[in-house]
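Based on the sequences and whatever the hints tell you, model everything.
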Amino acid sequence: MGVTISVTSRDDLYDTLNQVRGGETILLVPGHYGALTMNGKTGFPNRFDPPLTLTSANPDDPAIFDWMDIHGGQNITLDSVRFDYAYQAGQPDHIRPFEINDSRGIEIRNSVFSGDRVLEGVASDDGFGHGYGLSVRDSRQVTIEANDFHHWGRGAIFSQSHGVIVRANDIHHVRSDGLNFAEVTGVLIEENHLHDFSAAYGSQDHRDMIQFWTNGTDSPSAEILIRHNRLDMGQGSFTQSIFMRNEAVDSQDATDAMYYRNVTIEENSIYNGHLHGITVGETDGLTVGRNSLIAVPDPQNEGQNKTALWVPAITVASASRNVSIKGNLTNQINGENGQTDWQVQDNTMIQNLVPTMPGHYDDLFASSSMDRGSNGHHFIPLAGTLVDRGTTEMNSGFAFGEIGPLFQVGQGESLNTKVFDASLTAQMLHDAGVGDAIYTWHFSDGTTAQGLRAIRPFAQAGSHEVTLSVMHPSGLTYVAQTIVEIRGGKLLSFDSGDEGDFFAHGFGRSHGLDVMDAVQDDGLVLTGHNAVATVDRAALEGLRGSDAMALNFSVQGTGAGDLFRAHMVFQAVVTIGGAIRFQLYDQAGNSAVVTSRGVWVNDDLPHDVSVTLKDGILDLNIDGVQTAIARFPGTLPVSEGWDLIFGNPWGQRGNFDGAIVAFDLAAGPELPPLDPLQLEFLSRQVDLQPSVIPATEGLEWGKGIEFNYGAGEVPDGSAEGDARMPAPDTLGF
Numbered sequence: 001m002g003v004t005i006s007v008t009s010r011d012d013l014y015d016t017l018n019q020v021r022g023g024e025t026i027l028l029v030p031g032h033y034g035a036l037t038m039n040g041k042t043g044f045p046n047r048f049d050p051p052l053t054l055t056s057a058n059p060d061d062p063a064i065f066d067w068m069d070i071h072g073g074q075n076i077t078l079d080s081v082r083f084d085y086a087y088q089a090g091q092p093d094h095i096r097p098f099e100i101n102d103s104r105g106i107e108i109r110n111s112v113f114s115g116d117r118v119l120e121g122v123a124s125d126d127g128f129g130h131g132y133g134l135s136v137r138d139s140r141q142v143t144i145e146a147n148d149f150h151h152w153g154r155g156a157i158f159s160q161s162h163g164v165i166v167r168a169n170d171i172h173h174v175r176s177d178g179l180n181f182a183e184v185t186g187v188l189i190e191e192n193h194l195h196d197f198s199a200a201y202g203s204q205d206h207r208d209m210i211q212f213w214t215n216g217t218d219s220p221s222a223e224i225l226i227r228h229n230r231l232d233m234g235q236g237s238f239t240q241s242i243f244m245r246n247e248a249v250d251s252q253d254a255t256d257a258m259y260y261r262n263v264t265i266e267e268n269s270i271y272n273g274h275l276h277g278i279t280v281g282e283t284d285g286l287t288v289g290r291n292s293l294i295a296v297p298d299p300q301n302e303g304q305n306k307t308a309l310w311v312p313a314i315t316v317a318s319a320s321r322n323v324s325i326k327g328n329l330t331n332q333i334n335g336e337n338g339q340t341d342w343q344v345q346d347n348t349m350i351q352n353l354v355p356t357m358p359g360h361y362d363d364l365f366a367s368s369s370m371d372r373g374s375n376g377h378h379f380i381p382l383a384g385t386l387v388d389r390g391t392t393e394m395n396s397g398f399a400f401g402e403i404g405p406l407f408q409v410g411q412g413e414s415l416n417t418k419v420f421d422a423s424l425t426a427q428m429l430h431d432a433g434v435g436d437a438i439y440t441w442h443f444s445d446g447t448t449a450q451g452l453r454a455i456r457p458f459a460q461a462g463s464h465e466v467t468l469s470v471m472h473p474s475g476l477t478y479v480a481q482t483i484v485e486i487r488g489g490k491l492l493s494f495d496s497g498d499e500g501d502f503f504a505h506g507f508g509r510s511h512g513l514d515v516m517d518a519v520q521d522d523g524l525v526l527t528g529h530n531a532v533a534t535v536d537r538a539a540l541e542g543l544r545g546s547d548a549m550a551l552n553f554s555v556q557g558t559g560a561g562d563l564f565r566a567h568m569v570f571q572a573v574v575t576i577g578g579a580i581r582f583q584l585y586d587q588a589g590n591s592a593v594v595t596s597r598g599v600w601v602n603d604d605l606p607h608d609v610s611v612t613l614k615d616g617i618l619d620l621n622i623d624g625v626q627t628a629i630a631r632f633p634g635t636l637p638v639s640e641g642w643d644l645i646f647g648n649p650w651g652q653r654g655n656f657d658g659a660i661v662a663f664d665l666a667a668g669p670e671l672p673p674l675d676p677l678q679l680e681f682l683s684r685q686v687d688l689q690p691s692v693i694p695a696t697e698g699l700e701w702g703k704g705i706e707f708n709y710g711a712g713e714v715p716d717g718s719a720e721g722d723a724r725m726p727a728p729d730t731l732g733f
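In my numbering, the protein residues as written are 1 to 733.
Hints are all accurate, no fakes.
Taking lysine to any residue and the SDA-like style, the derived pairs with C-alpha atoms no more than 25 angstroms apart in a straight line are: (1) Lys-418 <-> Tyr-478; (2) Lys-418 <-> Thr-482; (3) Lys-41 <-> Gly-72; (4) Lys-614 <-> Gly-634; (5) Lys-418 <-> Ser-469; (6) Lys-418 <-> Val-638; (7) Lys-326 <-> Gln-345; (8) Lys-614 <-> Ser-414; (9) Lys-41 <-> Ser-9; (10) Lys-614 <-> Gln-411; (11) Lys-418 <-> Ala-548; (12) Lys-326 <-> Leu-382; (13) Lys-418 <-> Arg-509; (14) Lys-326 <-> Gly-338; (15) Lys-326 <-> Pro-358; (16) Lys-41 <-> Thr-8; (17) Lys-41 <-> Gly-22; (18) Lys-418 <-> Asp-615; (19) Lys-41 <-> His-71; (20) Lys-326 <-> Met-357; (21) Lys-326 <-> Gly-285; (22) Lys-418 <-> Ile-380.
Calculated directly from the structure, the hints in this document are not laboratory data.
Right, dumping it as C-alpha cells:
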C-alpha cells in the first residue's frame, strides 16, 4: 500500500512533490492552493510509476486550484478537488486555465471545474460563461470521470490525443459547446449528462453538446464510441446535440483519407430543440443504434416554431460508407439514397408537429411525462408503443415510486375540451399490489375534480396548468403536473384601419408579423406581378388537418389577378369578369373551387368576402350574399405546407390592382365567432335575389354550386367551379 501524506498549503504541496517518486497519495486539507504547475520546469518530477494521487482530505470541502498546467506529465491522478476560474477583464474567450499537454496516464475524477461569468464587455457576453473548462492536447490515456463542469464558454476540448475516456460527467450552464474533439483516436464518451446550457442569444455561437470537427486538422478522428449519454436541454437553451461535421472533406477538398473511421453512437437520450440531433459527416464505418431523439420547446427561442428545423433528426453524409442506422426514435433520417453498404431499418419515426399524423408524441408517451421536471425530461412510452426502439432506458419501465403519478391527456368532443385519465397510475399501483387511491385533479382557475378520469372544457385559449394529486393508501400524496395548451380558433388578423399590421394568434397569445413594407394607408396594396407580402407558414399551423375554417377579408380595386395563396392549401384570385375564385385543397391533394356569381369586386368599391368550411361544405359569401358552395368532405393538408403569400410568388402574371384592407382567418373543428372587420367604410349593399338555392345532398365532391341569376347579370369570363383543376398556376382569368 502506498504512503499517504497530508499537506496544508501550496508551499507544503510543492515541497512534498519534490520528495515523492510514485505510488503515494497526497491529501490536500481544505484551502486554496493557487496554481498547480507540473510541467517539468519546476524542479520536481512530473512522471511517476506507479501513479501519484492528489486528493482532497475532505471531499465536501475540497482543495481549490485556480490554474493547472500539466505538461509532459505521466501517471498523475487528481481526485475530489475544485478547479476554480475567476474571470479577469480583457481575458480572451478561448482562455484555457486548466491544461493537460503532451502527457500520458492522467486521470481527473470526482472534481469540479467551476467557471465564471463575464461581467463586462460586449452585451452578448455579459452574464455568460467564459473560457474553456479543460483543455487536453497531444496526450494519451487520459480519463475524465465523474466531474462537474459549469459556467464555461466551452466545457472541455480534446485534440491530437489517443485513448481518451470521458465518463459520467455533469456538464451544464455552458454558453457554447459542451465537449469538443479534433484529431482524436480511441475515444470513449459514455454516461455523461449534458444539460441546461446558457445561450448568449445575439452572439455568433453555434452551440453543440458534443462536437467533432476536422477543420484545420491533418488526420481524422477514429475508433469513437459515444453511448449512454443524456443530452437534455432541460431548463436551458436549445443546442445542436451530437454534431460531427467533416469540414476537411465537405468543403476543403480532402480525400477519403480524412473520413472519420469506425464511429458508434448508441443508446443516447437526446431531448433538444434543433434539427441536428445526431449529425455525422463523411465516415467509413458508422453505427447509429437505439438512440432516442425527442423535441422539446425552448421558451427563450423566439424563432422556434413547429417545423422540422426544431426537431432533432439523424443526418449522415451520403458519401459515408458501411453505415448502419437501426432501432432509433427520431423525426427523420437523412442521407440514405440507396447506397448498397448502408443498412437503415427498424427505426421509428416520431413527431410533435401534427397531432393528426402518425407517430405523434401524444399517441406514444404519457402526457404528464412530457413536461420538463426538476431533473430534466423523461418521456415515458405508453405500453406497447415503442417496443425495442430507442434507448433501453426508455423501454425498461418504471415503478410508481420512481416517477410518481402518470396521466394521459386526450381530446374531448369539442376543440376546447380535454379528457384527463390516470389509468396509467392505477395500473402501476395495481402492479405493486397497492389498494385503491384517491385521485384529485386541480386546475389553474381554482376548480377541482375527483376520480380516475375527468372531462374538462376550457373557456379560454391559452396555457392551463393541471395537477393530479394521488393519495396513496399509506396516507402519502404524490403529485404530477402538466400544461394544457388550448389554441383557440383565431389564427390571423389584419385591419388597415386599426394598428395596420398582421397579427398571429394562438394559445391566448398574439404577436405582430413583419409585413409592414407592403401595408400602406389604403391597406395591403397588391400591384405589379410579384409577391408583395409573406406570412410565415407557422401562422397557419392551426389549419393543419382541420375540417373547418373561416376566412373573412375585404378587398377594393380594379382589374384581375392574384390575391393570396398558401400553396397547395388555398388560393384566391379575381377573374377577368370580376368574380372571386377560391380553391381549397385536402390532404390527398384534391381540391374544391368556388367562383362567385352575381357580385363583381373589380369596380373599385369595397367588398367583404367570407369563405367558410364547415360540415363538409365550402361556402363563398360576398357582401352578405351567398354566391357559391361546394362539397369538401375531407380535411385540410396536415403537411408542413407553405407560407401565406399575397400577390403572385413567381411573377408570371399580374396581381389584382387594389388592396386588401382587412383579413381574418380562423380554424375549427368548432369555429368561434370572428371579430367583425373594423373598416372605415361601409360595405356596398348588393341587392340580388338568387333563384332557388340547390340542396347540397348528392352533390359530387368538389363540384361547386353556382347560383343562377337573371340573364346578363353574370359577366363573361366567370369560370365554373371544378375541384380537379390541373394546377394552381393554370387558373385562368
